[in-house]
Amino acid sequence: MEKTFDIKEELKKLPDAPGVYIMHDKDDVIIYIGKAKSLTKRVHQYFQASHNEGIKKKQMVEHIDHFEYIVTDSELEALVLECNLIKEHTPKYNTMLRDDKTYPYIKVTLGEDYPRVLFSRQMKKDKSRYFGPYTSASAVKSSIDLINKIYKLRTCNRRLPRDIGADRPCLNYHIHQCNAPCQGYVTKEEYAISVKGAIDFLNGDYEQTIKALSDKMLKASESMEFEKAAEYRDLINSVKQVAQKQKITNADGEDKDIIALANDDTDAVVQVFFIRNGKLIGRDHFHVRVGSEEAADDVLNNFVKQFYSGTPFIPREVMLQSEIEDMAVLEQWLSEKRGRRVNIKVPQKGMKEKLVELAYKNALLVLSQDKERIKREEGRTIGAVKEIEGLLGLHGLNRMEAYDISNINGFETVGSMIVYEKGKPKKSDYRKFKLRTVTGPDDYASMHEVLTRRFTHGMEEQKQLEKDGSPQEIGSFNRFPDIIMMDGGRGQVNICLQVLSKLGLDIPVCGMVKDDFHRTRGLYYNNVEIPIDRHGEGFKLITRIQDEAHRFAIEFHRSLRSKSQVHSVLDDIEGIGPARRKALMRRYQSLEKIKEADVEDLMQTETMNEKAAQAVYAFFHSAT
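In this text, residue positions in the sequence shown follow the UniProt record's numbering: the first is 1, and each later residue adds one.
These aren't lab readings, by the way, just hints derived from the structure by calculation. None of the values given here were measured: they were computed from a predicted structure. Hints are not guaranteed to be accurate.
Simulated pairs of lysine-lysine, DSBU-like, Cα-Cα distance not exceeding 35 Å [stated by the list, open to error]:
1. Lys13 x Lys26
2. Lys228 x Lys216
3. Lys124 x Lys375
4. Lys279 x Lys361
5. Lys427 x Lys26
6. Lys228 x Lys211
7. Lys12 x Lys57
8. Lys502 x Lys434
9. Lys149 x Lys87
10. Lys279 x Lys354
11. Lys424 x Lys354
12. Lys386 x Lys196
13. Lys434 x Lys57
14. Lys467 x Lys26
15. Lys196 x Lys149
16. Lys216 x Lys196
17. Lys41 x Lys345
18. Lys37 x Lys13
19. Lys386 x Lys354
20. Lys432 x Lys422
21. Lys87 x Lys37
DEER-style ranges, computed between Cβ atoms [unchecked claim]:
22. His174 x Arg380: 51 to 61 Å
23. Gln208 x Glu592: 22 to 32 Å
24. Glu62 x Thr437: 47 to 57 Å
25. Asp126 x Arg341: 37 to 47 Å
26. Pro578 x Lys424: 36 to 46 Å
Even for Gly, the Cβ is constructed at its ideal location relative to N, Cα and C.
Please model the entire structure based on the sequences and the hints provided.
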């Protein structure tokens, strides 16, 4: 007999010790993970009526079937364990970030004799120095390119000084973007001066860089080297643009993260400003899933835990807009991660308070813009579906399927099936059909075959899934549409209705009717053509569906034609059968690349010998 979990009895066993508690539903799915200074006090609170005032917490408690807990030696250890478990299980009722971002850093490989400046998404405990995090990967790459142009640092993977003189200098040396330490053209001491200049640049000391470039520009101009002077001028302008973007925010030159939150009943946005060496180097925002009664401070508390469990760089100071529950233990945790003291503060005055206020205003703006964007998107999708439902007198048209046929004079006839759910394309459910029984350009017969195969296969899948007791979502064809949209009028609709009737299926079918200029004109449904407002969202959605079905069919048809043409050419070559033809296409990917290959290269292909390689080469070059 299965042992039942008695919550009241298990609550009595909870220890008065720090740890992590894990809530499960009846299916043993983890729905919530939390940490506690005292497990007995914290977990008891969830089952006290006075504590669960929020809808989200009430729903969560209603779904708790059983719980487990892990005792830790300290609250800090509980915090670390909580963060790791939440990241692993992503429980439904935990506040979760919608964005999983990995920030780029600039890495200076100081552990090398001749350091490089590189792009990196990881901070390793090596001898390198890291700058960041930055929010734009493209901006980081542009900065690295600029640094290498100014300081002429190497970008190669050669091991120096071991490989000095082992090979010729690369292209960067010849275009004056590297001093070629690989050839010994620059001493280690001279190279170190360039590396120091690059580090000063990354630290925000742009004036020194601009001064050095200005001196070189003047010298080049005096020597009548005007092209070189123009290059220095362009570099100076680039440095000034970088300097302009990173205005000084405070004079202490410290690393700080400024974090502020704006929220409403369903959504929250957290804005983070990254300040490094006293300069704002970037900002980013995060969308957070929240409950309607969830307090902003709780959301902020959970955000800080999740954010810093996933980012390798910890600044000296974290500034928040309000006090949070775990501030003291978070300070301890972040200090351990950083290896030095970290302060979490709520500034009350001065520049720091203004920065937090600015971050809040930015979060509020993003939240507002997102609401507008979601509203517009819903108009384009769900609103458009509702318009179509109104036109046809139907409801619940969540899943729409559309079909199209493509051929040229009956050659390689193909069919396409596309799927829209809630007004958006669901490309994972798109399907392609190569016609098996139809010869010649007969669109009606082709559509009859495609629809018969689609729904017969779907019914077979449904029966098998039902027999196996598997969820209906597992199959690829077993999910049937709420409406079928045919690319055409009465004829196409009748073909579809015949197929459905024969299979015993009852699914609404409408035709997307076009005018003489091949533009959508209306919908054909229940033997009536229904006009559509050309300016409405419903019309726009129908047009998108029609165009997408046509595009998908055409692309499939083109790919088959291309393969057929390539194969027919290779089939004309003596000694090239199906195995060698496939091997050639697998290696070269295109006919053009096969043409470019010489005999020796062709012989390297699997199954090819010298005679076959000479035959292929002669076939493509006999006319030249």
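Cross-check of the supplied hints:
no.: 1; hint: Lys13 x Lys26; result: holds, 21 Å
no.: 2; hint: Lys228 x Lys216; result: holds, 9 Å
no.: 3; hint: Lys124 x Lys375; result: violated, 43 Å
no.: 4; hint: Lys279 x Lys361; result: holds, 19 Å
no.: 5; hint: Lys427 x Lys26; result: holds, 34 Å
no.: 6; hint: Lys228 x Lys211; result: holds, 16 Å
no.: 7; hint: Lys12 x Lys57; result: holds, 22 Å
no.: 8; hint: Lys502 x Lys434; result: holds, 22 Å
no.: 9; hint: Lys149 x Lys87; result: violated, 41 Å
no.: 10; hint: Lys279 x Lys354; result: holds, 15 Å
no.: 11; hint: Lys424 x Lys354; result: violated, 42 Å
no.: 12; hint: Lys386 x Lys196; result: violated, 63 Å
no.: 13; hint: Lys434 x Lys57; result: violated, 53 Å
no.: 14; hint: Lys467 x Lys26; result: holds, 24 Å
no.: 15; hint: Lys196 x Lys149; result: holds, 15 Å
no.: 16; hint: Lys216 x Lys196; result: holds, 18 Å
no.: 17; hint: Lys41 x Lys345; result: holds, 28 Å
no.: 18; hint: Lys37 x Lys13; result: holds, 16 Å
no.: 19; hint: Lys386 x Lys354; result: violated, 46 Å
no.: 20; hint: Lys432 x Lys422; result: holds, 22 Å
no.: 21; hint: Lys87 x Lys37; result: holds, 21 Å
no.: 22; hint: His174 x Arg380: 51 to 61 Å; result: holds, 53 Å
no.: 23; hint: Gln208 x Glu592: 22 to 32 Å; result: violated, 52 Å
no.: 24; hint: Glu62 x Thr437: 47 to 57 Å; result: holds, 55 Å
no.: 25; hint: Asp126 x Arg341: 37 to 47 Å; result: violated, 23 Å
no.: 26; hint: Pro578 x Lys424: 36 to 46 Å; result: holds, 41 Å
In the structure shown, a violation is registered for the earlier hints numbered 3, 9, 11, 12, 13, 19, 23, 25, in ascending order.
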